[in-house]
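> When we follow the UniProt record's numbering, the leftmost residue of the sequence shown carries the number 1, and every step to the right adds one.
Don't read these hints as lab results, they were simulated from the structure.
Mixed in with the good hints there might be a few duds.
Unchecked claim - Simulated DEER-style distance windows between Cβ atoms: (1) GLU90 / GLU21: 46 to 52 Å; (2) ASN27 / ILE99: 33 to 39 Å; (3) PRO75 / ASP106: 18 to 24 Å; (4) GLY82 / ASP106: 23 to 29 Å; (5) ASP74 / GLU105: 20 to 26 Å; (6) ALA24 / PRO86: 47 to 53 Å.
Remember, it's a predicted structure, so these values are computed and weren't measured experimentally.
Every residue, glycine too, gets a C-beta built ideally from N, C-alpha and C.
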Amino acid sequence: MTPLGAKLRALREARGISLKEMAAALNVSSAYLSALEHGRRGKPTGFLLHRIIAFFNVIWDEAEELQRLAEMSDPKVTIDTGGLTPEATELTNRLRDNIDRLEPEDLRFLRDELVKRSGRKR
Numbered sequence: 001m002t003p004l005g006a007k008l009r010a011l012r013e014a015r016g017i018s019l020k021e022m023a024a025a026l027n028v029s030s031a032y033l034s035a036l037e038h039g040r041r042g043k044p045t046g047f048l049l050h051r052i053i054a055f056f057n058v059i060w061d062e063a064e065e066l067q068r069l070a071e072m073s074d075p076k077v078t079i080d081t082g083g084l085t086p087e088a089t090e091l092t093n094r095l096r097d098n099i100d101r102l103e104p105e106d107l108r109f110l111r112d113e114l115v116k117r118s119g120r121k122r
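All chains should be built: construct the whole structure from the sequences, respecting the hints.
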């Protein structure tokens, strides 16, 4: 499941809306919406994302959060480490090989550490 998929499911369930009802309202198939929630589809188009935001009638902060989550929800990532340090290539390959073995708290730690360290002044 992607970050966007988890948020959509939470919003939908909190409002008591079925997958089928939401799909019909957005004029997409239930299969597509299910795949979007489960991370088997990439991020939605900007047009569909705006329709989702309008469907849930969320406040501005939550709409921005949905847009941010959509940007972080590509389930098929390719990382080109050409021209980077050997450490970058090793880190990328270790993550590829081990991500399915990490616990959610480990993933949160690594994500938060990356966000913190990538924001440092160079």
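> The structure should be examined with respect to each hint, and the outcome stated for every one.
Evaluated hints:
| no. | hint | in the structure |
| --- | --- | --- |
| 1 | GLU90 / GLU21: 46 to 52 Å | holds, 47 Å |
| 2 | ASN27 / ILE99: 33 to 39 Å | holds, 34 Å |
| 3 | PRO75 / ASP106: 18 to 24 Å | holds, 19 Å |
| 4 | GLY82 / ASP106: 23 to 29 Å | holds, 28 Å |
| 5 | ASP74 / GLU105: 20 to 26 Å | holds, 23 Å |
| 6 | ALA24 / PRO86: 47 to 53 Å | holds, 52 Å |
Checked against the numbered hints listed earlier, the structure breaks none of them; every hint is satisfied.
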